[in-house]
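The listed protein sequences correspond, in order, to chains P and W.
Position one of the first sequence corresponds to residue 1 (the working numbering), numbered consecutively onward.
Position one of the second sequence corresponds to residue 1 (the working numbering), numbered consecutively onward.
Heads up, some of the hints might be wrong.
Just so you know, same-sequence chains aren't split out, so a pair can sit in one copy or run between any two.
What the hints assert, rightly or not - Straight-line alpha carbon distances no greater than 25 Å define the calculated DMTMM-like cross-link-like pairs of lysine to aspartate or glutamate that follow:
(1) LYS239 with GLU100
(2) LYS239 with GLU177
(3) LYS26 with GLU238
(4) LYS5 with ASP322
(5) LYS389 with GLU77
(6) LYS18 with ASP322
(7) LYS184 with GLU77
(8) LYS340 with GLU261
(9) LYS297 with ASP333
Think of the hints as simulated: they come from the structure by calculation, not from any bench.
Listed below, chain by chain, are the residues.
2 protein chains.
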Amino acid sequence: MKTGKKIEARTLRGFHDKLPSEALIKAKMLATLRRVFDSFGFVPIETPHVEYLEIMGQEQTGEEIQKQLFRWLDQGERQVALRFDLTVPFARFIVQHRGEVGIPFKRYAIGEVFRGERPQAGRYREFTQCDFDFVGTDSTAADAEIVQVIATALKALGIGEFLIRVNNRRVLNGAMEILGIGDKTVDVLRTIDKKDKIGIDAVKEELRDGVGLSNDQIEGFLNFISLSAGASPSEVLEKVRSYEGKSAVFDQGVSELRTMETILAPLDSVKDCYSIDFSIARGLGYYTGIVYETVLKASPGMGSICGGGRYDNLTKSFSDEDLPGVGASFGLDRIVAALKELGLTEDTGTPAEVLIVCERADSAPVLYRTAETMRQSGINVEVFPEAVKLKNQFVYSERHGHPFIMFVESTPEGAFSCKLRNARTREQNIFNSVEEVSDYMLRERK
Amino acid sequence: MKTGKKIEARTLRGFHDKLPSEALIKAKMLATLRRVFDSFGFVPIETPHVEYLEIMGQEQTGEEIQKQLFRWLDQGERQVALRFDLTVPFARFIVQHRGEVGIPFKRYAIGEVFRGERPQAGRYREFTQCDFDFVGTDSTAADAEIVQVIATALKALGIGEFLIRVNNRRVLNGAMEILGIGDKTVDVLRTIDKKDKIGIDAVKEELRDGVGLSNDQIEGFLNFISLSAGASPSEVLEKVRSYEGKSAVFDQGVSELRTMETILAPLDSVKDCYSIDFSIARGLGYYTGIVYETVLKASPGMGSICGGGRYDNLTKSFSDEDLPGVGASFGLDRIVAALKELGLTEDTGTPAEVLIVCERADSAPVLYRTAETMRQSGINVEVFPEAVKLKNQFVYSERHGHPFIMFVESTPEGAFSCKLRNARTREQNIFNSVEEVSDYMLRERK
């Protein structure tokens, strides 16, 4: 019946559907990340997508984000909101379930978050976050483990060469104390953070004219920061010796970086992919100790693909009990963009390795039986469901990108043969048993 | 600082957090389902959690669900709503992206949906759905494949013995036509659907007094339904021969079941777990052909854990173009409940197989290096991050349920030994190299 007014099929502005090729990349990436988290004993938790507005829109939530909240009055007259990140729900979670999960606690969370931002190319109002945190411990070993998880995960994702740049907010604060500019910490860091954007000359100008530092102070601070340029972690930790003994905060910060280095230095997983970089600040308010950023060597302009750091108290909005911790967050959209840019994603629209075409309706039992046998060998097999024109089945296969197409011949007496065509090379092979074709495909896979 | 008003850490009524043990079970279950979907060439898609209200709250959405929608006016004055299922968004998706994904199209989707139902034990306002559909084909082979996917998935989940009960709405409608009660189809099916709840005598009474059937008609219909009781699919398809040749709809329905049987009979995956059952109707409006329900043999009272069927037109709210298909949905909450009830879930709070305890702060480098080496062998290893009292580390380990605890001894000269304790049996073993302990753990795993 062609009746009834039709509804326009459309997504909301700023929201989008993930087509199979994108959803497949995401699923594969998240499976890899979960495997790495699991291997370090991080545990998954899930929190609801909807929370009380007072939890999401609290004072500590920045004004900008407060404006971006999706919020409403629910059926029970409660002010509610969609979560805008996974950190605030985790803070709420750990206060609510501390007795059940215990402290220390290392968790990861993967989920969609929502922000009513002005839509831009590649930025959506619903996007996926992937956070992992180790809370309830002051130990620098936990900070080191975060670096190790980042490195292990990025290697497992096969994203190419990367550099995890590590700093310590205590070192920065201590250095400014030593240079007599400890009262201008916030302004200095805010300016330094712009270095990559505006260039070093503009930074100097702003430090002098805006922040009010003397030329000596500017020189002194920039000299300190440049200590870490191009040096290995152990070299940096040698170079800073001349600054030690002047500020307790500085000395503590350096000592933490040394402890971290003793743990990381023997590890294969972080070899050549971690540096100490005194120019990393990572914003202003939240972090209090070691901080991280990660850049891809092939596309440094892309920005950080995994960052984080140590904080003193995750739960201060909910509880008087302090809860220190350290955590980081993978920038999934940037990682996908990088994998694509580097040509590291297979642009496939199907997990199936072969399409068995259907030439006669009555052959379906043999085709489905053949497919089942191949699946039992671990091969992903799709059967075309009806005997439409072969041309249409080829169009289907090309659209989805099956690496192989298979033509099965069989007789009522049970004789079996098949032709396997490599979709890329067009090479064809004949096999006389399901086992033979399965073995061939498993060999070709390697 | 102990200042500032604290916010109460709580979830909304009807919403809940998933603690690690629950989130681990869910993650494992979904990974298994994804693997099975992949092996049949179903592709994942993702749609947003938020949609236009006119899409979610359209006429075809039942009144009950319309009331349960989470809906609001967004920042752009758009009427929006959280999705209440994954079927309506899929219908919207396939109309919007038909040109990109092509037809036929077999997709799966896993995601959270939202309904403002009255909270009940075990039922939440946010819950996970897992749907798979094969659209754009009339072929019965697609219906057969759905049965095969259900069977393969449930076996992979290790959920114990189950039965997929298959019927065809055409057979039911045809049988009623033959019995001269074709004008009362809706009322008869509504009554029959209550059989398990109210019992056969109450059904007979209602068919007579409510629906207005004669005793002969009641007898005739119940006789027809009972044909399938306790019989194998091939036996049922023999028994119905006496009804054939009287109704075109009936004959078409039986013919589809026969085609399905020729495909399913040779398959290992469905052996002994599929039956034809004429008492299955699966509601009234939506389905038009073959329908399915799945019950666990160990807990039939739990209801269906995977159901679905064939429909004529998925997209009629959005498009004049017909789109037939067949699909099913896994009842994830029921599957988890069943796995728990059957004692088939490991009640563990961690994916880590061993906790390496930390006895001295300066041993961290050796512990982290040891853990890394074990991870390279594929073992999930957690290191306790600080040298607190061993008792506290044991409490941590017991709480999370690490199967093994490991004590590492090493000398500055590089001599290594470790003691591995089985947390359950308390058995202890000493090893003199990381390789030895890894080999032992891999052997014990099997």
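Outcome of the hint check:
{"no.": "1", "hint": "LYS239 with GLU100", "in the structure": "neither (46 Å within a copy, 58 Å between copies)"}
{"no.": "2", "hint": "LYS239 with GLU177", "in the structure": "within (18 Å within a copy, 92 Å between copies)"}
{"no.": "3", "hint": "LYS26 with GLU238", "in the structure": "neither (42 Å within a copy, 49 Å between copies)"}
{"no.": "4", "hint": "LYS5 with ASP322", "in the structure": "between (58 Å within a copy, 15 Å between copies)"}
{"no.": "5", "hint": "LYS389 with GLU77", "in the structure": "neither (58 Å within a copy, 49 Å between copies)"}
{"no.": "6", "hint": "LYS18 with ASP322", "in the structure": "between (40 Å within a copy, 24 Å between copies)"}
{"no.": "7", "hint": "LYS184 with GLU77", "in the structure": "neither (46 Å within a copy, 44 Å between copies)"}
{"no.": "8", "hint": "LYS340 with GLU261", "in the structure": "neither (33 Å within a copy, 45 Å between copies)"}
{"no.": "9", "hint": "LYS297 with ASP333", "in the structure": "within (17 Å within a copy, 44 Å between copies)"}
In this structure, the earlier hints numbered 1, 3, 5, 7, 8 are contradicted, and the remaining ones agree with it.
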